[in-house]
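Enquirer: Following the hints, position chains B, C and D with the ligands against chain A.
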Amino acid sequence: MGLQSFIAERKQSKDILVMAHVVCGYPSFEENMQELEIMAEAGVDLVELQFPFSEPSADGPLFVHANEESLKAGTTVDQCFDFMRQVSGRFPFKVLMMGYYNTAFKMGEATFVRRVKEAGGVGYILPDLPIEESANLHRLSAQADIEPIILMTPTSSDKRLAQLGSVSRGMVYVVARKGVTGSKTNMGDDVLALIERCRQHTDVPMGVGFGISSKSDLDFLRGSADIAIVGTAALKTWQQSGASGLRKFFAELMA
Amino acid sequence: MGLQSFIAERKQSKDILVMAHVVCGYPSFEENMQELEIMAEAGVDLVELQFPFSEPSADGPLFVHANEESLKAGTTVDQCFDFMRQVSGRFPFKVLMMGYYNTAFKMGEATFVRRVKEAGGVGYILPDLPIEESANLHRLSAQADIEPIILMTPTSSDKRLAQLGSVSRGMVYVVARKGVTGSKTNMGDDVLALIERCRQHTDVPMGVGFGISSKSDLDFLRGSADIAIVGTAALKTWQQSGASGLRKFFAELMA
Amino acid sequence: MDIFDFSDGREGYYGEYGGVFLPEILHATIEELLVCFRECKADPTFWQDYVTLLQNYSGRPTPVTHLENLSRKLGGAQIYVKRDDLNHTGSHKINNVMGQGLLCQRLGKRKVIAETGAGQHGFATATMAAKFGFECKIYMGAVDVARQRPNVFWMENLGAEVIAVEDGQKTLKDAVNECMRDWVTNMADTHYILGTACGPHPFPEMVSWFQSIIGLEAREQMLKQTGRLPDRVYACVGGGSNAMGIFQGFINDENVELIGSEGGGEGVGSYMHSSRLAYDDATVGVAQGYKTYFLQNEEGNMNETHSVAAGLDYIGVNPIFAHLHDQGKVRFEAATDTEVKEALKLTMRTEGLIPALESTHAFVTAIKEAPTMRKDEIILINQSGRGDKDIFTIADALDDAKWKSFIEGKADQYRREKN
Amino acid sequence: MDIFDFSDGREGYYGEYGGVFLPEILHATIEELLVCFRECKADPTFWQDYVTLLQNYSGRPTPVTHLENLSRKLGGAQIYVKRDDLNHTGSHKINNVMGQGLLCQRLGKRKVIAETGAGQHGFATATMAAKFGFECKIYMGAVDVARQRPNVFWMENLGAEVIAVEDGQKTLKDAVNECMRDWVTNMADTHYILGTACGPHPFPEMVSWFQSIIGLEAREQMLKQTGRLPDRVYACVGGGSNAMGIFQGFINDENVELIGSEGGGEGVGSYMHSSRLAYDDATVGVAQGYKTYFLQNEEGNMNETHSVAAGLDYIGVNPIFAHLHDQGKVRFEAATDTEVKEALKLTMRTEGLIPALESTHAFVTAIKEAPTMRKDEIILINQSGRGDKDIFTIADALDDAKWKSFIEGKADQYRREKN
Ligand SMILES: Cc1ncc(COP(=O)(O)O)c(C=O)c1O
Ligand SMILES: Cc1ncc(COP(=O)(O)O)c(C=O)c1O
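Residue numbers (this note's numbering), protein chains in the order written: chain A, 23 to 277; chain B, 23 to 277; chain C, 618 to 1036; chain D, 618 to 1036.
None of these hints come from the bench; they were simulated from the model.
Take these hints with a grain of salt, some might be off.
Derived pair list, reagent style SDA-like, types lysine to any residue, alpha-carbon separation capped at 20 Å [stated by the list, open to error]:
id : chain 1 : residue 1 : chain 2 : residue 2
1  : C       : LYS787    : A       : PRO83
2  : C       : LYS1021   : D       : ASP1029
3  : D       : LYS962    : C       : GLU752
4  : B       : LYS200    : B       : SER235
5  : A       : LYS200    : C       : LYS728
6  : C       : LYS841    : D       : PRO678
7  : D       : LYS1035   : C       : ASP1013
8  : D       : LYS1021   : C       : GLU773
9  : C       : LYS962    : D       : PHE1009
10 : D       : LYS1019   : C       : THR802
11 : D       : LYS1021   : C       : ASP1029
12 : C       : LYS1019   : D       : GLY1026
13 : C       : LYS841    : D       : VAL668
14 : C       : LYS1035   : D       : LYS962
If we strip away everything but chain A, and leave its shape as in the complex, we get (with noise of 0.2 Å):
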């Protein structure tokens, strides 16, 4: 079943999914498995699957700090993919491949695409690849029947995220603020107005992710967005109170 689908299936039994991040091999892969495991049990619906990269000039601190431990430790892009292909066989949430551009460039678009596909992901984000530069991805992904997720953001214009939309399939990331990942975004006016505005020119279900940290966040999208994505949060909360601090966060975001 492709990304749209199920996030439409999943929508008829709640207002607004969920999607959470690990980066692959930070702290290891097994704390990554329990991770996942919680978030599954609270019933995550996508999981992004970061893999690391040595220049991930698009993160904020945290995940910068966690891609430079990954890629210290030794992880490599077998490893994730491998890692990938447990996941996506394991749990009933969705999984997405999350990087720059490099490592799909490296080992070729073409083997980029069947990878994941292999893995079982059912997309990719990649927040440095332009859309100007995804025709050949593209066009590989939709053969492949995978999809490339789209982002739109608060400084996108209306002729800007015309172009996004008519390329957007799956869904769309909405970037809630400017800035890297990782800090508290106000969730205010301007989100629902960017989220409206982005509506006007796709009709795939919209993620909105930067910052998303609280149940609060959460009430405040229901309605206006398919899906919070909640990243940096989560790491935090593994890592300052382990699985049962990561368990009571997702209870309490998904209440």
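Expert: Positioned in the frame of chain A, the structure of chains B, C and D with the ligands alone reads:
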């Protein structure tokens, strides 16, 4: 009795005279006096009393150091003149003021001449005062009947020697080689040739200095120069072996 | 040939290299920059203002010096040197920075950010910001902050905030990443003053354009001083801005050979170098906003790099050079750390010039090749910077004992004064 | 007025100052120098060669920069700066040195000696010697050698022998004496490259002549850039060479006021300064070969002097200035160490310029006076050198804690490496 007639008189009983040197106040006026006693005993004919100056740029390392230490110990121009008066009153040798022009300039040339005269000096050597700048001082000196000692050097052209000779009075100081005081001069044909050249331009007695340190130097000069000027070698001896050393030094030198 | 005459739909591409690989959030910012840059480039008064600013503030045109002693000693080609070391702040970096300062004014932005490795670009940017009255933040790897304190000292005294980047290898590439992170947050009022002809379009073109003043001057000067064009032109290649600068003066001259000299570090096969094109260790990749040759592993993660010259010690290279290299229009060589030290000593003693360690890489290659050339052939070297600001690095490189005991004495003095 | 148009029998005298007070043994040498200098001065191709050499080697003409920010901030006169800091080796000292290099070639001598205090003149001389292929010895007070190690490092690497002078105060004046001692020994094949407009005739005239290139350029540039002459011209005064250099461009212009700024050290009455003309502590004397105002005691022995700027820290002053001061043609002011530090900070932050501590003295006086002048009045400051070579002194002067811990870290590293 003026310098020139003093030299003439002494030369009746000796074929070469000796001029010695002390830096006033170095190591101390007491030690200066001890040195001078030894010089007098040895039969030294003339003595330069150097007034210490802060910028002794024509002196070699030993005298530079002596100038510096003397000033540090607080030696003043008044003290130097006082000392000169004592010395000229006490010893049979004649006393010359030696120093840099600024010492004379600062007190005024007339005062300078008067004070040298009053202190019993028969003349002065100001190595940084060229004849072009000396007219007034020479005039004052002539009036006071003291002698400005002119230097002749190995770099002086015949024309220059003629100029120097024409204003020389009392004696001339022939600089045996280029350089500053203190290092050894090789007594050889050039020194003799230089003396010869100088002779052609003046009738006054001729002292030869710079680097004279031994009886053999004196022997070498005997017959061409009237006066051998001994500076650094004596001070070095005093520093190294005190009164007995200096006594021996002059005894051997003038044997 | 106009390398910036892009074919349709390939704007910002040089062969397969270049492009814009940035987060979507910067799309509008980079568009705005591109539009502004196109306006500037089309407006002859902008270039005139730029030239006047550099004349009055930085002392351009910098001269060309004939190295008669070195030429005689090597017994081959006549060696000439373009003296960008005489610029205000001591290197060619000021050219680009002043140009972007003017452009930033046009953009109506009041804050600038910049990455720096050796500190030369940061120093130049802090200087420009003081002159233009911009707020200024300089990102610099923590390792570089520690070893390039003199430049940090000046940047701070010029009023810039210097931020030590603690991520990754804590050097230049990490400072670039951190700049990007600042930019995606503050692009509304902030212009990113990229320091070399790398990064996303239009930076390679824009930086090359500003630096082309070197080549424009040099071409005219060589014609005037020697009556003809040089046979070969040498420049060191870090990101590639000074080399692009001088090469543009001669790129359409068939008989002028262009030679880029990269950081050979400990030599071929050592993997302790920063030669992307002269050695075979780099492969094509996409990072820091553009596609080019990077020193990276098979999975696309960047390798550690090394050069005695901090300004050459970078993973990627100007995409224009990647293309010109493919086309055989520019030849690339590498100079090892050891060769650089020897060439520096030789240049100081025979000509009284102290090239920056970066620039000395160009001298190394020229010095190797000059003796193989005829006496009536002519060589031009770009001296992109002066070495006297690098005294700590050079004294270390030359292992100067008296310098070390001076530093120890200074340290003792500071410790005493604290007590 | 031509200050060098000496009346009969007064050659080398400016009023009662100047002259030649040297040991007889140097008479022929100084004559030979004078004759050679007269030939050079009379030979227009010599001056042309000199200008060309400085253009191609040192980047002359140096520009004039309008300090718009500082002028606006002070709210008075428009401030312009003559940028001799952009010269090769970082100061105006190179002008004189290159000129004397050409002259030394004409004299047929192959060895040069020079005194240096801050090290700027020694650095320039070592550079010139490398370029001309002369053997080179630099005399430097032992105290200065210890505190100006960076310059010593470069001089040595340029091939000069640096000799630490252990006599006297072990600073500049003692280095001058030691140069004289070398010269009286080796004058046959050695030329003494005196670094400022002091010493025996013809040095004051000769150094002034070479430095007049600053004023010639500046006058023309001011006319071109502002359409008229400046109302006041400021320069710092150590020995007086950079000031003589720029002032000569305007000395016959009735409405241009010339202001020299001396090292005020700890201020008037402190006796820890080097102001010969601005304060009342100096008297006329004869030393180091010439007659002028010296900071000396009643008996004619020199006093200790002090300035935060080593290049101003000297007992005597240019005899031409002593005369122009008597005549009221040049006004003299002093800048204290404290004022200098403040002006340096201000200049760095508002204009991105880092004047040498010496030059900053001129800025101090200009900054004090600019606000009292009308907005349509014009000031010109001579920036005789750049401050980045003075990092140790400036960091100490600004008491920079991060710099100090950097130095301590470096020292620890060196000590570790030894073990
Ligand atoms: C003096 C100098 N030359 C060259 C470079 C290398 O940069 P690019 O290749 O962009 O000229 C640097 C970089 O810091 C530099 O400081
Ligand atoms: C930069 C600079 N300015 C000024 C001076 C003072 O010398 P003068 O008065 O001869 O210009 C010096 C002396 O070292 C100097 O280095």
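Enquirer: With reference to the structure, classify each hint as holding or not holding.
Expert: Hints versus structure:
{"no.": "1", "hint": "C:LYS787 - A:PRO83", "result": "14 Å, holds"}
{"no.": "2", "hint": "C:LYS1021 - D:ASP1029", "result": "10 Å, holds"}
{"no.": "3", "hint": "D:LYS962 - C:GLU752", "result": "17 Å, holds"}
{"no.": "4", "hint": "B:LYS200 - B:SER235", "result": "17 Å, holds"}
{"no.": "5", "hint": "A:LYS200 - C:LYS728", "result": "17 Å, holds"}
{"no.": "6", "hint": "C:LYS841 - D:PRO678", "result": "17 Å, holds"}
{"no.": "7", "hint": "D:LYS1035 - C:ASP1013", "result": "13 Å, holds"}
{"no.": "8", "hint": "D:LYS1021 - C:GLU773", "result": "15 Å, holds"}
{"no.": "9", "hint": "C:LYS962 - D:PHE1009", "result": "24 Å, violated"}
{"no.": "10", "hint": "D:LYS1019 - C:THR802", "result": "29 Å, violated"}
{"no.": "11", "hint": "D:LYS1021 - C:ASP1029", "result": "10 Å, holds"}
{"no.": "12", "hint": "C:LYS1019 - D:GLY1026", "result": "17 Å, holds"}
{"no.": "13", "hint": "C:LYS841 - D:VAL668", "result": "16 Å, holds"}
{"no.": "14", "hint": "C:LYS1035 - D:LYS962", "result": "24 Å, violated"}
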